[in-house]
Each structure stands twice: as structure tokens, then as C-alpha cells.
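*Asks:* So the chains spell out like this:
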Amino acid sequence: MGKKRKMPGLNTSSTADISFMLLIFFLVTTSMDTDQGLGRTLPKPPEDDQLNNEIKVKERNILNIRINKDNYVMIGDDYASLSDVKERAKEFIKNENNRPNLPELKPKKIKGLGKTMMVTENHVISVQTDRGTDYGVYFMVQDALVAAYNELRDELAKEEFGYKFEYLTDDQKKAIREVYPQKISEAEPKKYGGQQ
Amino acid sequence: MSRFNKGGGKEMPEMNTSSLPDLIFSILFFFMMVTTMREVTLMVKFDKPVGTQLEKLARKSCTSFIYIGQPIENLRSQFGSAHRIQLNDKFAEPQEVYDYITVERGDLAEVDKPFFTVSLKVDHHTPMGIITDVKQILRKAYALKIVYSANKPRE
Numbered sequence: 000m001g002k003k004r005k006m007p008g009l010n011t012s013s014t015a016d017i018s019f020m021l022l023i024f025f026l027v028t029t030s031m032d033t034d035q036g037l038g039r040t041l042p043k044p045p046e047d048d049q050l051n052n053e054i055k056v057k058e059r060n061i062l063n064i065r066i067n068k069d070n071y072v073m074i075g076d077d078y079a080s081l082s083d084v085k086e087r088a089k090e091f092i093k094n095e096n097n098r099p100n101l102p103e104l105k106p107k108k109i110k111g112l113g114k115t116m117m118v119t120e121n122h123v124i125s126v127q128t129d130r131g132t133d134y135g136v137y138f139m140v141q142d143a144l145v146a147a148y149n150e151l152r153d154e155l156a157k158e159e160f161g162y163k164f165e166y167l168t169d170d171q172k173k174a175i176r177e178v179y180p181q182k183i184s185e186a187e188p189k190k191y192g193g194q195q
Numbered sequence: 000m001s002r003f004n005k006g007g008g009k010e011m012p013e014m015n016t017s018s019l020p021d022l023i024f025s026i027l028f029f030f031m032m033v034t035t036m037r038e039v040t041l042m043v044k045f046d047k048p049v050g051t052q053l054e055k056l057a058r059k060s061c062t063s064f065i066y067i068g069q070p071i072e073n074l075r076s077q078f079g080s081a082h083r084i085q086l087n088d089k090f091a092e093p094q095e096v097y098d099y100i101t102v103e104r105g106d107l108a109e110v111d112k113p114f115f116t117v118s119l120k121v122d123h124h125t126p127m128g129i130i131t132d133v134k135q136i137l138r139k140a141y142a143l144k145i146v147y148s149a150n151k152p153r154e
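Heads up: the sequence lines are chains A and B, in that order.
Just so we're aligned, residue 0 is where the first sequence starts under numbering that gives the first Met the number 0, counting upward by one.
Just so we're aligned, residue 0 is where the second sequence starts under numbering that gives the first Met the number 0, counting upward by one.
Incorrect hints may appear among the rest.
The calculated lysine-lysine pairs, modelled on DSS-like cross-linking and capped at a C-alpha distance of 25 Å, are [what the hints assert, rightly or not]:
1) A/K89 - A/K157
2) B/K120 - A/K68
3) B/K144 - A/K173
4) B/K55 - A/K163
5) A/K43 - B/K59
6) B/K44 - B/K89
7) B/K151 - A/K163
8) B/K139 - A/K182
9) B/K151 - A/K89
10) B/K144 - B/K59
11) B/K151 - B/K59
FYI, nobody ran anything at the bench for these hints, they're computed from the structure.
Since the structure is predicted, the reported quantities are computational estimates derived from the model, not experimental observations.
Full structure from sequences and hints, please.
*Replies:* And the structure:
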């Protein structure tokens, strides 16, 4: 045992290759798709004693959108195209001129805005489909309805606070939501346009 | 000129690659964080519908997926081309959704249970009948938060 020898450095040139292999393994086995979609809340399942007494809603407060098995869209009593859905929904939700065939306006005190506004509080938009309706069409109608709500909320947000809805604080958002509550009914399935 | 004479000159020093592993490790960790493990092999083919008003899924760990679409090409001969539901790694009938949801929700921690969401990944040609059935069962199973999964429109 004479002189201390210098320990030779560990050869680390292959560490890079090893970590490359790990990297590639992760690239292959994982997916990066960020899932996006339209969120919905389903109604609670009906209790047994409730089955037969459906909640009564005044006729003027309902906007019926029906899609038959050939993917034709009907709003209220007349045929419409997909592009009409958004405008009709906006008109329905807002009822700007207090028309008798659109939902009733009720005064509602909105805390966040510090004033009372006329709100179509009891409106319901119901989308009914046939069993044969394409999901794609149903989805586009749902998307248009959400777009209608979002546009109305944006308009009001700009008017009241000067910003778009998404830039508001949580309290402000809550106030706006109180004026335009999202009420899309997930209706019980029915059969439409089965026979010609 | 002798300036460009290289005969017996100095050798080019080798580049120091000792930090290369660290670099690649950091890329690796980045990918591990932003991606999620692919849980299932898809047995159905679906083109998701396109929507403009989408929200990002808040908590992926509390989400269960239900896939509905036509079986992929290789399985067509065996399962036909009717639209089917896929849960985990096998085809299922609508009634089986109930058990699937119960099991999936049971696996979650108690704190996460209120955030339990079901994401429906459905082909846009699927008839609504199947989806309505599934939705009715989800209601019964008290899995009331659902997401219709969709794609953003391409620019």
C-alpha cells in the first residue's frame, strides 16, 4: 500500500441513453389529450311517488327543441335550422320586449349588481330527441344553447362591469349567473318521428 | 500560409456531455407531469363532435370514461358494426354501466367523491337511444355530473 491512487471517474456516457429510453417509454404509454367537453348535471332519479306528477311549468316558459330521427330540428312549433337555435334561444332567455309568448319577466334583486332586474327566472329549455337522432346533432344543439347563454352573459358583463364574463371576479360572475341562470332540461326520452 | 496548417496541431477538445442526462431527465419529468397514463385500449372508433363552448375537464383523477361508438375495423367481423359501449377493456351492455360506476366511484377517496364526473366519449353518428339509456342509468347510479367530450374546431 503505497501511494493513493486517484479513483477513475465513473463513465456516465450511457446515462443519457438510459434516460432517453425512459423518455420514449413515457411518450409511448401516455396520452396528452386534454379532455374538453360540455359539462352537464343530470336531474336526480325520480322517486317512486313522484313518477306521475311532473313538475308543471307554464307553457310560455318552455322552449321546446325537438330533433327527430332524420335530424330535423324543430323549435317550438316550426322547423328550424341548426344556425337558428342560438338566436332563438337568446331571444327566448332574454325576452327583451316582454312579449306574451316568451317567458314571464319577474323582478329579482341581484345583490352583486345592487339593483333589481327583470329576469326570466322560470324559463326552461328542453331538448327532446328521438332514439335514432344522431348524437352529433344533439351535441350541436346543446353547444348552441350554451353559446346563447354565454353571449348573453358576456353582453351583460360588459354593460355592468366593462369586461367579458370570463375576466370577472367570482362574485361578479355569480351576480351575472343569477340574471341568466342556465336552465337546460335533460328531458325524459320520448319517441318522435318514428312513423312517417 | 502556415496559419492554416493543421499537421500535428491540437486536437479538437471533446464536448462535455456530462449534463446531457440531466437535460433529458428534465424533459422526462416534464412529460410525466403533463401526460396521463393511457388507461384502456380503445375498442371502439369515435369521432368526437365539434363544439365551440367547451370547458376543460377540471379533475382528471376523478373522472371515469364511457366510450360509445362502432367497433374498430379488426373487431367488426366479431362484433358487427352496431354502436357499442366500451367500459374499461371490454364491450358492455347499458345495464352494466351501473356496476361500472359503482366500482369506479368506490375506488375514489372520500374527499374526491363529490367531484366524481363521467365523461362520455361518443361518436357523433351514434343514435341518441344508447346515450339516453346510459344517461338514465347514470341518474339511477347518482352519477349526475357528466361531460359530453368534444373537440375544438380546427382553425
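*Asks:* Please go over all the hints and tell whether each is borne out by the structure.
*Replies:* Hints versus structure:
no., hint, in the structure
1, A/K89 - A/K157, "holds, 17 Å"
2, B/K120 - A/K68, "holds, 21 Å"
3, B/K144 - A/K173, "holds, 20 Å"
4, B/K55 - A/K163, "holds, 19 Å"
5, A/K43 - B/K59, "holds, 23 Å"
6, B/K44 - B/K89, "holds, 14 Å"
7, B/K151 - A/K163, "holds, 21 Å"
8, B/K139 - A/K182, "holds, 21 Å"
9, B/K151 - A/K89, "holds, 23 Å"
10, B/K144 - B/K59, "holds, 13 Å"
11, B/K151 - B/K59, "holds, 18 Å"
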